[in-house]
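A.B. asks: Here is what each chain is made of, one letter per residue.
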Amino acid sequence: MIGPELDVLTLAYPPLLVFAAALLVLVLPRIAGYAVGALSLGAVLVISLTAPEGQHLAGTFLGHFEVVPYYVDDFSRLVGIGLGFLGVCSVVYAYSSEASRELTAIALAYVSSSLGAAFAGDWLVLVFMWELMALTSTLVVWHYGGEAVRAGFRYALFHGTGGVIVLLAVAAHYVEAGTFVYDGSGIAAGFPALLAVIGMGVNVGFVGLHVWLPDTYPRPHIAASVFLSVFTTKTSAFVLYRAFPVGAESDLTIYVAYMGGVMSVYGATFALLQHDMRALLSYHIQAQIGYIVAGIGIGSHLATAGAMSHLFNNILFKSLLFMAVGVVIYRTGEEDLYKLGGLWREMPLTAVGFGLGALSITAIPGFNGYVSKGMIFDAADPGYYGQPEYQALYYLLWLGAIGTLLSFIKLGYYVFFHGESDISVPDAKPGQTVAMFGLGGACLLFGVWWQGLADLAPLIEEGTHAFEYYGGESHLHPYSASHLETAGILTGVAAVTFVVVRKPLSKLDLSDPARVVFPAGYYLGRWSMLAVTETYAAVDAAVVGFVTRCYWIGNNPVLAVEEAARRVPMVDVDERRPADGGQPSTIYLRTTIGTTVLLLTIVLTVVLWLLVS
Amino acid sequence: MSSVGSLLDALGGFVDLLPVLLIVTPILMAAAPVALGLRFDRTGWTVAAITAVGLVSGALALAAEVYTRGAVIHNLGGYPRTYGIELVADEFSTAIIVLVATISAGVLAYTRRGGPRGNTFYSAYLLLTGGLLGISLTGDVFNLFVFLEISSLATYALIASGDGPESAVAALKYLILGTIGASIYLTGVAFLFMATGTLNMAELALAIPGAEAQVLVRAAFAFIFVGFALKVAQWPLHTWQPSAYQHAPDGVTPLVAALVSTASAYALGRVMYTVFGPDFLTSTPYLTEIVVTVGTVSILAGSTLAVIQRDVKRMLAFSSVSQFGLIVAAYGLVNETAFVGATIHLVGHGLMKAGLFAAVGLVSVSYGARTVDEYAGLATNRPVAAGATAALLIALVGVPPAVGFVGKWYIGLGAVRAEQWPVAVVIFLSTMLTLAYTARLLEKMYFTPASPLEAAHPSEPVAADGGDGAAPLDRGVPGAVSVGMVALVVVAAVGAIALGFAGGAFFELLDPFVSEVFN
Numbered sequence: 000m001i002g003p004e005l006d007v008l009t010l011a012y013p014p015l016l017v018f019a020a021a022l023l024v025l026v027l028p029r030i031a032g033y034a035v036g037a038l039s040l041g042a043v044l045v046i047s048l049t050a051p052e053g054q055h056l057a058g059t060f061l062g063h064f065e066v067v068p069y070y071v072d073d074f075s076r077l078v079g080i081g082l083g084f085l086g087v088c089s090v091v092y093a094y095s096s097e098a099s100r101e102l103t104a105i106a107l108a109y110v111s112s113s114l115g116a117a118f119a120g121d122w123l124v125l126v127f128m129w130e131l132m133a134l135t136s137t138l139v140v141w142h143y144g145g146e147a148v149r150a151g152f153r154y155a156l157f158h159g160t161g162g163v164i165v166l167l168a169v170a171a172h173y174v175e176a177g178t179f180v181y182d183g184s185g186i187a188a189g190f191p192a193l194l195a196v197i198g199m200g201v202n203v204g205f206v207g208l209h210v211w212l213p214d215t216y217p218r219p220h221i222a223a224s225v226f227l228s229v230f231t232t233k234t235s236a237f238v239l240y241r242a243f244p245v246g247a248e249s250d251l252t253i254y255v256a257y258m259g260g261v262m263s264v265y266g267a268t269f270a271l272l273q274h275d276m277r278a279l280l281s282y283h284i285q286a287q288i289g290y291i292v293a294g295i296g297i298g299s300h301l302a303t304a305g306a307m308s309h310l311f312n313n314i315l316f317k318s319l320l321f322m323a324v325g326v327v328i329y330r331t332g333e334e335d336l337y338k339l340g341g342l343w344r345e346m347p348l349t350a351v352g353f354g355l356g357a358l359s360i361t362a363i364p365g366f367n368g369y370v371s372k373g374m375i376f377d378a379a380d381p382g383y384y385g386q387p388e389y390q391a392l393y394y395l396l397w398l399g400a401i402g403t404l405l406s407f408i409k410l411g412y413y414v415f416f417h418g419e420s421d422i423s424v425p426d427a428k429p430g431q432t433v434a435m436f437g438l439g440g441a442c443l444l445f446g447v448w449w450q451g452l453a454d455l456a457p458l459i460e461e462g463t464h465a466f467e468y469y470g471g472e473s474h475l476h477p478y479s480a481s482h483l484e485t486a487g488i489l490t491g492v493a494a495v496t497f498v499v500v501r502k503p504l505s506k507l508d509l510s511d512p513a514r515v516v517f518p519a520g521y522y523l524g525r526w527s528m529l530a531v532t533e534t535y536a537a538v539d540a541a542v543v544g545f546v547t548r549c550y551w552i553g554n555n556p557v558l559a560v561e562e563a564a565r566r567v568p569m570v571d572v573d574e575r576r577p578a579d580g581g582q583p584s585t586i587y588l589r590t591t592i593g594t595t596v597l598l599l600t601i602v603l604t605v606v607l608w609l610l611v612s
Numbered sequence: 000m001s002s003v004g005s006l007l008d009a010l011g012g013f014v015d016l017l018p019v020l021l022i023v024t025p026i027l028m029a030a031a032p033v034a035l036g037l038r039f040d041r042t043g044w045t046v047a048a049i050t051a052v053g054l055v056s057g058a059l060a061l062a063a064e065v066y067t068r069g070a071v072i073h074n075l076g077g078y079p080r081t082y083g084i085e086l087v088a089d090e091f092s093t094a095i096i097v098l099v100a101t102i103s104a105g106v107l108a109y110t111r112r113g114g115p116r117g118n119t120f121y122s123a124y125l126l127l128t129g130g131l132l133g134i135s136l137t138g139d140v141f142n143l144f145v146f147l148e149i150s151s152l153a154t155y156a157l158i159a160s161g162d163g164p165e166s167a168v169a170a171l172k173y174l175i176l177g178t179i180g181a182s183i184y185l186t187g188v189a190f191l192f193m194a195t196g197t198l199n200m201a202e203l204a205l206a207i208p209g210a211e212a213q214v215l216v217r218a219a220f221a222f223i224f225v226g227f228a229l230k231v232a233q234w235p236l237h238t239w240q241p242s243a244y245q246h247a248p249d250g251v252t253p254l255v256a257a258l259v260s261t262a263s264a265y266a267l268g269r270v271m272y273t274v275f276g277p278d279f280l281t282s283t284p285y286l287t288e289i290v291v292t293v294g295t296v297s298i299l300a301g302s303t304l305a306v307i308q309r310d311v312k313r314m315l316a317f318s319s320v321s322q323f324g325l326i327v328a329a330y331g332l333v334n335e336t337a338f339v340g341a342t343i344h345l346v347g348h349g350l351m352k353a354g355l356f357a358a359v360g361l362v363s364v365s366y367g368a369r370t371v372d373e374y375a376g377l378a379t380n381r382p383v384a385a386g387a388t389a390a391l392l393i394a395l396v397g398v399p400p401a402v403g404f405v406g407k408w409y410i411g412l413g414a415v416r417a418e419q420w421p422v423a424v425v426i427f428l429s430t431m432l433t434l435a436y437t438a439r440l441l442e443k444m445y446f447t448p449a450s451p452l453e454a455a456h457p458s459e460p461v462a463a464d465g466g467d468g469a470a471p472l473d474r475g476v477p478g479a480v481s482v483g484m485v486a487l488v489v490v491a492a493v494g495a496i497a498l499g500f501a502g503g504a505f506f507e508l509l510d511p512f513v514s515e516v517f518n
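Here the protein sequences line up with chains B and D, keeping their order. Residues in the first sequence are numbered consecutively from 0, following numbering that gives the first Met the number 0. Residues in the second sequence are numbered consecutively from 0, following numbering that gives the first Met the number 0.
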């Protein structure tokens, strides 16, 4: 990398392009600004496809920390393509959804930091981008005002905490490894790895740490939701892979894998219980990230490839779903799915867009989710390429898949079917439609032309679609009879179940038990604040009291001695009225001559006894 | 000093006579004020002043000789020391002799105007000085008793000369207890004589290690130590001391406080180290423990009692209990550093206490203040007295570079060298406690404005309008203070700080004695 090539690459550093576009959006006329934003993301897409593999822009930070801000390999390339393509669609969607320029500028800065994290080649740049992402995404939430502000605070609190933990993890990693640069073996084992899992767990929505997700994402502008739904969680899942890459033998990965399984079930279950459409989708972020986390945790070639493919697909269909739901909200102003119905007649384009996304996320054959989810299933299934210890994980992922199907049948049924619509609304605007169909088309494309997805996926051999596993080498064959059969069983079970549970489900209103962290956090904060101030007050009172008492003793030694003497048993203290205006003058602790002679005798006896005996 | 020495060299053997002259002159001159008083009214001060000047020059001449050429030993009448009377001026005793001579001379600067007046006072004064110099110079343990009694008798008389019945009671208490203490000491001397057949210190030092009746020797030590513990006013045998100091006339207290207990403490050190010797001290079970315990307990008890006093003189008296506890504890550590520290603290404490008690007298005359509360506003109204007092108090706490620091430092160092950690801790604590009672006084003097209502004992009719807070308070009799009185306090304060720079010099001057004792 010398000469002009370096210059081109420097200019083509994706986060820089997008950030420049973010600034331009603020100053240019609306349409020109959005065009620049979309172009910059299109450029990111192109750069991701063409940039040579390897480390770029390497240098030193503060003199002696090696940093690699721009690192391209199969993984970051895949993420870059997904984010770039989605970015273009999102900007178009935002334009036609009447998002303000400020919002789009902030969102582009957020996208820029997210890209920075994805293309980071060392932990230092990663942490910087990670924190920047937390900051910009909070601004995206805040920009909407109202309810979103409080949610944004909670969001910022979560991500600030997670960021600090990741920062600690990176610092601990530096102590262990002596460098910040990725060396292919992930984060140092032990303490740094544990911190990294927890810190990144906040961002990817580990069960218990996920509360910010359904709390924050339903609240801001619909276009903001589209941005938010993708960049933080997907980038973070990718970064989790950087911490635990293929071949990094870590004790933690099996727990990470099972956490992914639990996430998929938990997310799908609570998605099923939601009334708010965007909250439902937010829980599905957790569920789908669960699959990715499970794949990363399993850590075999197939699992990792599946996780990365699913990540890529997820970028496409999750944003598509948020767009479709966003259009419904945009047109009807209604967030509760039970208050809608029969909308397919009113807005068929949106219904089609939603259908593409729903079929993808529920892993119906012919859509991209089927391909990538199938890879993760196969990697976990001991009947295919999984190790025996992942048997339970496989069942968890199964359950998650059924839950996903159920909840999307529910969402689709109540919004677009279920009787007649009592309101008459226009369909999606052209820009929105373009964005949705772009993404939906991609979903369909990679479902049918699964070879294209497999070629993009890392660790899968191009052309032959071969991959290594512990038993040797095998080939991808997503549309085999057994795979189709599995998909058919899943869909059938879900369809039957939905018919059974539809009525009781609509009565059920169960809130996420993990939301207890909000009151818990509130009371913890309140009580710790109270405890600190009360302790301080107590210490202050004690110290002041002690000093006052000392001062009093110093000023009234006679009274103090009398007071003390009065408490000693067998000592009589005469009540004595001071005669000189309230201040006792002299202390009456006189030893008589006789007593002194007695003391003298005692002392002499003791000394004699000690010395002579 | 060296020029004085060379001058005296020319006078041949005159230096050998100095120890005798230093004792005999004041004792003989003690008769003069009384005798001359038959014919002249106010001769006492003149006689005392002339004698004091002579004593100071004699002491300095002796010091010049001792510190340049070594100890001066005089056998009275030329008899051998086994049964004769021997006077010894060595490096240890000479420090005390110079202290006694200069302080007693300095006190005259106070008493000229501050009183007490009258020929009988000066007779007792000269007798006391002679007794103290005798204690410092004597070379045998029986004469030590005699000189202790001479100085004690003079002290009783001086204390009793104060106004009011409390002085008489205090003097009586001191008389009875002091006599008992001296008697106990004498009993110890008798045991020593029984065990060794000699009373001469040098002979005793040779005889004690080989004495057959070690039980007698140990019993002798017990009696001697307890006797001195009373004389030095170690807790709980200190009970005579606070009243004696408090009720003695203001002009007498500096003398008594600075010199009488100091001479007794010196005598204890002399007996412990010259007569019994470090080997006996360390080889006898429990001995050093007893000495250290008595000393440390006195440090703590004295300081604590000082903190709760209201009367400044009484507070300083308890402070003496604590400070002498430090010296006794240092004796118990039995190493060179601690011993030098004890000597420095003996001298430094004498100087500081003389200055402080003189300051108390000065303030009581000029400001009418005797209690801590009444010292409020002293700094604004009597800045010189307040400044000197503050300097002396700070020196007493042991803030470098004052002499109080040097003594405590060496004693603390000795405690650390002897690995007696409790003593080291107590020394640190004693500094804190000293700070506690000095801080009270400093705070009153400098930070509490004077309140006319607090003038509990106005010696003049008080201006009762009280509305003019800015004007100097009309209390005390500023005119009754002479230059000499102020000078004594200021010189003591300056000396206490200047001597602090002489720590190393002390070490060198004492070195011949110390290395002889500890080898």
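Watch out, some of these pointers could steer you wrong.
[Said to hold, decoys possible] Simulated restraints on C-beta separations:
#1 B:170 - D:448: 54 to 64 Å
#2 B:530 - D:281: 38 to 48 Å
#3 D:421 - B:207: 53 to 63 Å
If you're looking for bench data, these hints aren't it; they were derived computationally from the structure. No residue lacks a Cβ here, since even glycine has one placed at the ideal position from N, Cα and C.
A.B. asks: Each hint should be assessed against the structure and marked as holding or not.
C.D. replies: Hints and how they fare:
For residue 170 (chain B) paired with residue 448 (chain D), a C-beta distance near 58 Å keeps the hint of 54 to 64 Å intact. The given range of 38 to 48 Å is broken by residue 530 (chain B) and residue 281 (chain D), whose C-beta atoms sit roughly 57 Å from each other. One distance hint, 53 to 63 Å for the beta-carbon pair residue 421 (chain D) and residue 207 (chain B), holds here, with the actual separation near 56 Å.
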